[in-house]
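A.B. asks: Please construct the entire structure, taking both the sequences and the accompanying hints into account.
For the sequence shown, the numbering used here assigns the number 1 to the initial residue and increments by one for each residue that follows.
Note that these hints are calculated values from the structure, not bench results.
All of these numbers come straight from a predicted model, not from anything done at the bench.
There could be a bad hint or two in this list.
[Said to hold, decoys possible] Calculated cross-link-like contacts (lysine-lysine; reagent style DSSO-like; alpha-carbon spacing at most 27 Å):
{"no.": "1", "residue 1": "Lys65", "residue 2": "Lys145"}
{"no.": "2", "residue 1": "Lys96", "residue 2": "Lys152"}
{"no.": "3", "residue 1": "Lys64", "residue 2": "Lys42"}
{"no.": "4", "residue 1": "Lys96", "residue 2": "Lys64"}
{"no.": "5", "residue 1": "Lys42", "residue 2": "Lys96"}
{"no.": "6", "residue 1": "Lys42", "residue 2": "Lys145"}
{"no.": "7", "residue 1": "Lys119", "residue 2": "Lys96"}
{"no.": "8", "residue 1": "Lys145", "residue 2": "Lys64"}
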Amino acid sequence: MNYAEGDSIVHPRHGLGTVQGTTTRGSGKRAMTYLEVFFDAKALTIMVPLDSMDEVGVRPPSTKKEADEILSILEQDADVPEAWAERNASTQSRLKSTDITEASRVIRDLTRHSQRSGKPLSQAERAMLDTCMESVSLELSVALKMSQDETKELILSRVGLLEDADAEGGA
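C.D. replies: Here is the structure:
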C-alpha cells in the first residue's frame, strides 16, 4: 500500500501514527527508502523501511465497519478462566498479536472477569487493560471520527461500565 504525507498508520509497537513523508538513505544499490512516521501520543518519530512494511506489521487504521465489529465484540459475553495463571497466559498471548480485535477481546474479557468475580483486577491485569484501552480507543477514534475520550466512554458503555454514555458512532 502507498502512504502519503498526512495518512494515518498503525504500527504494532507504537500504535497510531501519522506519515510525515519518505526519505532515502544510502546510495546506489545500498539506497533504501523509509517512511517517516510521527506518533503524537509518544512524541516519537521513527523511520520504517518501505520494503519491510508488511514484515514490520504496519497497517492502515480500522475502517468504520471494522470499528462497529469491534464495538459488537465488546458487548459479547466472555468465557474467562478463573485461574489467574491461565487468564494471564491467554491475555499475554492476545497482546502479542498486535491485532485490535484481540486487544478489544482483552478489554471485554478482563472487564467481564472483574464484573463476575466482584473483585478488582490484579495490578498486572489492570496495566494490560489500560494498555489495550489506550490503543483501541485511539484507533477507533480515527475510524469513528470522535475524540479519544468520547471513544473511551463508548467502549466503557459497551462493556457495561457506563450506563449513560452516548452510543454515537456505534451500531
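A.B. asks: Would you mind marking each hint as holding or not holding in the structure?
C.D. replies: Status of the hints after comparison with the structure:
no.	hint	in the structure
1	Lys65 / Lys145	holds, 13 Å
2	Lys96 / Lys152	holds, 22 Å
3	Lys64 / Lys42	holds, 25 Å
4	Lys96 / Lys64	holds, 24 Å
5	Lys42 / Lys96	holds, 20 Å
6	Lys42 / Lys145	holds, 21 Å
7	Lys119 / Lys96	holds, 26 Å
8	Lys145 / Lys64	holds, 9 Å
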